[in-house]
Each structure stands twice: as C-alpha cells, then as structure tokens.
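The listed protein sequences derive, respectively, from chains C and F.
When we follow the numbering used here, the leftmost residue of the first sequence carries the number 1, and every step to the right adds one.
When we follow the numbering used here, the leftmost residue of the second sequence carries the number 1, and every step to the right adds one.
Treat the hints as calculated values from the structure; they're not laboratory data.
Be aware that a few hints might be false.
Quick list of in silico lysine to aspartate or glutamate cross-link-like pairs, EDC-like style, CA-CA up to 20 Å [what the hints assert, rightly or not]:
#, chain 1, residue 1, chain 2, residue 2
1, F, K75, C, D144
2, F, K75, C, E107
3, C, K75, C, D122
4, C, K75, F, E11
A few chain F residues that don't get close to chain C, going by computed Cβ distances all over 10 Å [to be verified]:
#, residue
5, P5
6, P24
7, P49
8, R68
9, H105
10, E107
11, A111
12, R148
13, L152
Just so we're clear, the structure is a prediction, and the values are computed from it rather than from any experiment.
Where is the CB? At the ideal position from N, CA and C, for every residue including glycine.
Protein chains: 2
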Amino acid sequence: MPRLPFDPIDEAARQWANHWSGVPAMHAVTSLMRVQQLVIGRLDAILKPHGLTFARYEALVLLTFSSRGALPLGKMGERLQVHPTSVTSIVRKLESDGHVVRRPHPEDGRAVLAEITPTGRDVVQAATADLVGADFGLGVLDDDALGRLSELLRPVRRAAGDF
Amino acid sequence: MPRLPFDPIDEAARQWANHWSGVPAMHAVTSLMRVQQLVIGRLDAILKPHGLTFARYEALVLLTFSSRGALPLGKMGERLQVHPTSVTSIVRKLESDGHVVRRPHPEDGRAVLAEITPTGRDVVQAATADLVGADFGLGVLDDDALGRLSELLRPVRRAAGDF
Chain C
1 MPRLPFDPID EAARQWANHW SGVPAMHAVT SLMRVQQLVI GRLDAILKPH GLTFARYEAL
61 VLLTFSSRGA LPLGKMGERL QVHPTSVTSI VRKLESDGHV VRRPHPEDGR AVLAEITPTG
121 RDVVQAATAD LVGADFGLGV LDDDALGRLS ELLRPVRRAA GDF
Chain F
1 MPRLPFDPID EAARQWANHW SGVPAMHAVT SLMRVQQLVI GRLDAILKPH GLTFARYEAL
61 VLLTFSSRGA LPLGKMGERL QVHPTSVTSI VRKLESDGHV VRRPHPEDGR AVLAEITPTG
121 RDVVQAATAD LVGADFGLGV LDDDALGRLS ELLRPVRRAA GDF
C-alpha cells in the first residue's frame, strides 16, 4: 500500500463535515477500525511461526493463568468474551496441535474441561516473548499513552455490558 | 454473554503482571481488539437493513465524496486502505445490488471506474442517518474523548506507513 501524502482519515473527516454531522465519532470509529486491522495483522504475523492466531493465543494464556491449568469451555467463553461455538473451534484446533487436552469435568457431567499441556505452556512462553518484544504492535505509544488508550476504551466495554 | 462482576481485561492484566512484562501494551491491545469487535458488531447490525457491510458503506461514502461520483478501483483501494482483490469484491457486490456501475476509464484503457448510482446515493444517505443517529456505536464517549481517541491512534497509523 503506498504511503499517502495526507492523512486519509483527516481528509475523509473534512469531506464528511461538508455533508453530515458526527465528525468526531466518524473519525474515531474509522481510526479504531484501521488501527485494529494494522495491529491484528502484526500480531498474527508474529504468532504464525508459533502456529497460533491471536484468538488461540489468548485461550492458551487464559489456561496458563488458571490455578489448575484447566477450565470449563463455558467459563473460557465468558472470560475471552467469545461465543460458545468459537470456543469449541478454538479448543479443537489447540487440541489437534497438542497444546490442550479435553476431558470431562470431574464434578459436572455436562461440562468439558480444556487443560493446557506442557507443549502448550512452552508455546505460550515463546509466543509471549515475541509479542512483548514487539510491544504488541503498539511500540510507537509509550506506557502513558497506552494507559490513556485503555482508559478511553473502558467505558465502551462497560456500556456494552462486558462487566 | 453474561456481565462479569469484574473487568476481565483488568483481571488478565493483574495475572499477566505476575508472569511477564509489557502490561500496559497487553491491556491496550486487548481493549482495542474487544472494542473493535463490539463496534463492528453494532455497525454491521445498523447497516444490515440497508443491505450493507461497513466495508461496502465506506466504499460508497468515498464515491459520494468524489467530484464526479466515480473513481478508479486502484484509487479506491489506496484511500480505503484495502487490497486490490478486496476492492474488486466490494465493488462487484455493490454493482450487483445496483449501487454502483463499473465502466472503462475514459483516459486509461487499463483502469476501471466505479460510479455511484442514484440508488447508491440514496442508500448512503439513509445508512449515514442511522449511523450518525447511533453515534457509530461510540455514544458513551463525548466529542472530547472521541478526539483524544483519534489523536492517540494517529501515531500508530503513521508509523505503519499509512501517510
């Protein structure tokens, strides 16, 4: 993609203002979409050599943090904020790669647990080192700016009912 | 998805800090991914009754802003920052819905123009009214916060070579 001689979102906002209202929201939403696209491209490129996508990486991290290295799939979906069908597909792929095993929940016959394997723990460590080393694709922002970004986005998550 | 009794990203960051560095970047990137997912879900729901996705809507807006209501597909890709194959697929769908017509560029035999139709202009007006009315899914943020969000994201776009 060639580098444009002007900020394309500023230019779109300038034209937008000639036709419609809502310029600050239009600029912010377009910026959000573009930055997410740039960042996910970067993260997926970093994770590809580890055989992971960002969604599968997040699932492994969640299991790493759990006290027994295992969680019911339903709980994983709640914490990762993804739908049950997506959790099932993420866990299936992780299982076929040897990063998790699925087993029946010892106390709840209807529930299935995903448990991280030693291989799974190794891949999380290696992938995390690469992601942290690449500042998650946000290295141009210092810690103060990263904190302000998180705080600006928090009310959107709260208003949507995440917590 | 049930509302969690705590902020799941704060909780992930707390656990992350016990294992690894890069907490501010991890929190910001996870927030960015979640908010983008929430916002695109909202935008696509608003646009669905108009038969549009956000990507197709953006393409129609770009044509609305052009002085002749028509642009070469290559230029559309640059301005929308999407790959040529995506532009082609977006324009094909818009054409089959009657929102654009494709015709040869009058001065460049190798280039194809997409031109917005009166139907296309009507659907942009109606969809824009709905999106602006819904504050693009970011209504919880006031104009000052929206402006700060845009400014925080700008260096990420610039560093990636967008402009």
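- Message: Hint by hint, where does the structure go against what was stated? Just the numbers, ascending.
- Response: Going through the list in order, the structure violates hints 1, 2, 3, 5, 6, 12, 13 and respects the others.
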